[in-house]
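Take a look at the letters that make up each chain.
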Amino acid sequence: MTRVAIIDYGVGNLRSVEKAFAAGGCEAVVSSDAGELREAERLVLPGVGAFRACMSALHERGFDELVRERVAEGTPLLGVCVGMQLLFEESEEFGRSEGLGFLRGRVRRFGGELRVPHIGWNQVEWRREHALMKGIEDGSFFYFVHSYYCETPEPDAVLGETEYGIKYASVVARGNVCGVQFHPEKSQAAGLRLLQNFARGEVQRREV
Amino acid sequence: MLAKRIIPCLDVDRGRVVKGIRFLSLVDAGDPVEQGKRYDLEGADELTFLDITASSGKRAIVANLVRRVADQVFIPLTVGGGLNTIEDVRAVLRAGADKVTLNTAAVERPELITEGAEVFGSQCMVVAIDARRKNARDAKAGWDVYTHGGRRGVGWDAVEWAARAEQLGAGEILLTSMDRDGTRDGYDVELTRAVSNAVRIPVVASGGAGKLEHFYEALTTGGASAVLAASLFHFGQYRVGDVKDYLRGRGVMMR
Numbered sequence: 015m016t017r018v019a020i021i022d023y024g025v026g027n028l029r030s031v032e033k034a035f036a037a038g039g040c041e042a043v044v045s046s047d048a049g050e051l052r053e054a055e056r057l058v059l060p061g062v063g064a065f066r067a068c069m070s071a072l073h074e075r076g077f078d079e080l081v082r083e084r085v086a087e088g089t090p091l092l093g094v095c096v097g098m099q100l101l102f103e104e105s106e107e108f109g110r111s112e113g114l115g116f117l118r119g120r121v122r123r124f125g126g127e128l129r130v131p132h133i134g135w136n137q138v139e140w141r142r143e144h145a146l147m148k149g150i151e152d153g154s155f156f157y158f159v160h161s162y163y164c165e166t167p168e169p170d171a172v173l174g175e176t177e178y179g180i181k182y183a184s185v186v187a188r189g190n191v192c193g194v195q196f197h198p199e200k201s202q203a204a205g206l207r208l209l210q211n212f213a214r215g216e217v218q219r220r221e222v
Numbered sequence: 002m003l004a005k006r007i008i009p010c011l012d013v014d015r016g017r018v019v020k021g022i023r024f025l026s027l028v029d030a031g032d033p034v035e036q037g038k039r040y041d042l043e044g045a046d047e048l049t050f051l052d053i054t055a056s057s058g059k060r061a062i063v064a065n066l067v068r069r070v071a072d073q074v075f076i077p078l079t080v081g082g083g084l085n086t087i088e089d090v091r092a093v094l095r096a097g098a099d100k101v102t103l104n105t106a107a108v109e110r111p112e113l114i115t116e117g118a119e120v121f122g123s124q125c126m127v128v129a130i131d132a133r134r135k136n137a138r139d140a141k142a143g144w145d146v147y148t149h150g151g152r153r154g155v156g157w158d159a160v161e162w163a164a165r166a167e168q169l170g171a172g173e174i175l176l177t178s179m180d181r182d183g184t185r186d187g188y189d190v191e192l193t194r195a196v197s198n199a200v201r202i203p204v205v206a207s208g209g210a211g212k213l214e215h216f217y218e219a220l221t222t223g224g225a226s227a228v229l230a231a232s233l234f235h236f237g238q239y240r241v242g243d244v245k246d247y248l249r250g251r252g253v254m255m256r
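Those protein sequence lines, which keep their order, are chains A and B.
When we follow my numbering, the leftmost residue of the first sequence carries the number 15, and every step to the right adds one.
When we follow my numbering, the leftmost residue of the second sequence carries the number 2, and every step to the right adds one.
Next up, chain B with everything else stripped away, as it sits in the complex (with noise of 0.2 Å):
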């Protein structure tokens, strides 16, 4: 029986894993080798990677990172961060990765979904969506789609997105909630679930992961296929081992 996914992801900026609320107060977490090696170890489905390096040698730092990585790490590595072009995308899959997340990239020119899906296979074009509430406490208004790190407002409807990502050859969405990113109240299962039914294929939800009861709700109400999460690993509140255990108990699948 399929194992729904438990994903740590890994801020790296220059080669290195930082740790902060995106964006805020980066400090250096070490060697994302090392940091790779340790999450296998627990027992990670996948890793990711959001390069979040702005220096002009983007490209080759990156490929070199995804190379180090995967040359030691087996299980799946997906990377995201501007990433523009299919020469980018190419670049880091030559590496090592196995899928990319394009978000920004994607919404500006939606045919490069499609161009990435004819040349290496939708299996690992992943859009990444950053979705926001359009009214805080009523998920019936919807959610809009933010691109550029979430500071710029598109306005798309997020699962409107979705399910145009997938017609355009997506293999995977990517799913993240704004409104809970860094807050540790759980995922938005209403956005998950609300995307999860409007798209077949599978369905990765991101941001907000505080307790372990929140794994749950967005594996299954939520309708995920896959959980990812950052802060709550990087600062060691939870192993992922913990994570599965819980899960098992519960009764959901897990490798």
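The following block holds chain A by itself, in its conformation from the complex (with noise of 0.2 Å):
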């Protein structure tokens, strides 16, 4: 079974996220420990409310480095909700914010007359064949909660698209490193598949 750390940096509640991987028969510890972090299989970064506050919250614990070192060695990380826009170069809330930098783009507002924050379901459209879409059906409804989305210049890193007033990239993947902008955790059937297909799928150890 493959051990997947969810890392703790002082921000949200994980233990739903916990919980659901160990629902989907996944062996999962919420950690503030480096050592552990460093030792575990695979890492989920979370992170909810402002993208600044958790970027500072990462690099106050020295797990922006720890992050990108695991990163470097191949290790697989899904990001989930902020902890995917984290995963992008930069964010246009409060001014300019930069993030860690493993995706090009950048995280922008939702504009226009759309009600933000987006809460809700709403589906994802795969864009490409994937181990985290394994067994998930094209247009499975996914819970979101979020005001900022990602944009990419990278349409090869687009997995999964989601449609609010735009098109935008709901599932991401390079290599190694993973996003979902939705919680998986709280997505009932088809998020708890996408967490089990995390922890045991083949995603990519190297760059590509």
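Hints in this document: simulated from the structure, not taken from any laboratory.
In this text, all values refer to a predicted model and were calculated from it rather than measured experimentally.
Be aware that one or more of the hints could be misleading.
Each pair of labels, with its calculated beta carbon distance range [claimed, not checked]:
#1 A:Ser70 / B:Glu116: 33 to 41 Å
#2 B:Gln73 / A:Glu151: 22 to 30 Å
#3 A:Val43 / B:Asn136: 54 to 62 Å
#4 B:Asp29 / A:Gly49: 46 to 54 Å
#5 A:Glu139 / B:Gln73: 24 to 32 Å
#6 A:Glu74 / B:Lys38: 47 to 55 Å
#7 A:Gly76 / B:Arg68: 28 to 36 Å
#8 A:Glu151 / B:Gly16: 32 to 40 Å
#9 A:Glu139 / B:Asn136: 46 to 54 Å
#10 B:Lys38 / A:Gly149: 18 to 26 Å
#11 B:Ala142 / A:Glu139: 41 to 49 Å
#12 B:Asp243 / A:Val43: 35 to 43 Å
#13 A:Asp170 / B:Gly16: 33 to 41 Å
For each residue, glycine too, the CB sits at the ideal point set by N, CA and C.
Each of the two chains sits in its own frame; use the hints to bring them together as a complex.
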């Protein structure tokens, strides 16, 4: 069984993520222990609230460097919600904030006449085959709560798209780095399956 | 496409689900985990728990309840009822709630909304507004805000309060019509529409669901993003799936 560590850096409720892995029969631990995070076979980077606050909290604990090292070693990483946004180069939230930069692109606020936050169940249309989506139907509903979305110039990194005023990347993957904008731990069967896929699937270990 | 949400609401007292017309003739209606699982299976999009525990150990009792439900039900949970401080909010969020509703506490100290949004994010700060028509027969007269479970008038306009709550950092409005609550005469669609038009955050309509078309009116004419109902589901008049089938048939996007 693959050991998944959910990075606890003081933001959000991580218990649900841990329980959702457990419900799918996968061993996962919530950890703020650098030693444990260095040994885990797979890492989950959660995140709620403000991008910049999340980035600072990661940095204060030295977990930004830890995550960079683990990703460079080929460890599969799954960013969830704001955790996915942190994978990109920068966010326009509060001016400009720098992210981890594993994926090219920026995090932008929904505009226009839309109700923001984008809250509720919305569909994901798969754009290409990947271990993360195994057994999950095209057009499946997941639970979203966010005001910002990721915009990337790398079409190959986009695994799934969702429509809310615009079509945006709601699932991304490049090499061993993956991200989902929705909350799989709150998305019933489809979400539990995705977490199971991440824990057990053949997420590529090397950068492509 | 974003689906409209159907949200069953459960009243809980000392960790047990209770049924009744708000605060009257309460009867024990079972274990919140079992009830939560049942609604989850029926297709509920979220669950809302309204805690009415009055005892001194309230915070720990509520946290324990939320933990037990969140460990087994993998849809979003909202918890409200008597949350007064950031520490109260933190306790239920840590236990596994995704959102909290603030009602009386937000009116008494509106900064609480901003403080909560800064610490936990706007997405989990729901402001619950209990509104009553100033003139029962004329919606143009507007709606007053009530607190303390509807017992105390604040003298504020409900539509203005909703807009101010958004400015303060609320991520959603849970809007209950006191005129309609428990009547099954339908949601106050004019109230729902007035608030939906005044804010850019999602509005959850509550109070008055009795027939299937009531849900349709609130979600279309009322402009609500979600509808909440309590007694209609508890007493088995309709199941969540019945409501969804009906709405889907009328062209409303459902999960």
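Now for the hints, and whether the structure bears them out:
Checked against the hint of 33 to 41 Å, the C-beta distance between A:Ser70 and B:Glu116 comes to roughly 18 Å, which is inconsistent with it. Checked against the hint of 22 to 30 Å, the pair B:Gln73 and A:Glu151 passes, with Cβ atoms roughly 24 Å apart. Taken as a hint, the range 54 to 62 Å holds for the pair A:Val43 and B:Asn136, whose Cβ atoms sit roughly 59 Å apart. In this structure the hint that B:Asp29 and A:Gly49 lie 46 to 54 Å apart at CB holds, the actual value being about 48 Å.
Separated by about 30 Å at the C-beta atoms, A:Glu139 and B:Gln73 satisfy the suggested range of 24 to 32 Å. The beta-carbon spacing between A:Glu74 and B:Lys38, approximately 39 Å, falls outside the hinted interval of 47 to 55 Å. Take A:Gly76 and B:Arg68: their Cβ atoms lie about 30 Å apart, and the range 28 to 36 Å holds. Separation of A:Glu151 from B:Gly16 is about 37 Å and conforms to the stated range, judged on CB atoms against 32 to 40 Å.
For the hinted restraint 46 to 54 Å between A:Glu139 and B:Asn136, the CB-CB distance of approximately 49 Å keeps it satisfied. As the Cβ distance of B:Lys38 to A:Gly149 is approximately 23 Å, the hint placing it in 18 to 26 Å holds. The beta-carbon spacing between B:Ala142 and A:Glu139, approximately 47 Å, falls within the hinted interval of 41 to 49 Å. At about 41 Å, the beta-carbon gap between B:Asp243 and A:Val43 stays in the expected band of 35 to 43 Å.
Between A:Asp170 and B:Gly16 the beta carbon distance is about 50 Å. The supplied range of 33 to 41 Å is therefore violated.
Checked against the numbered hints above, the structure breaks hints 1, 6 and 13 and satisfies the rest.
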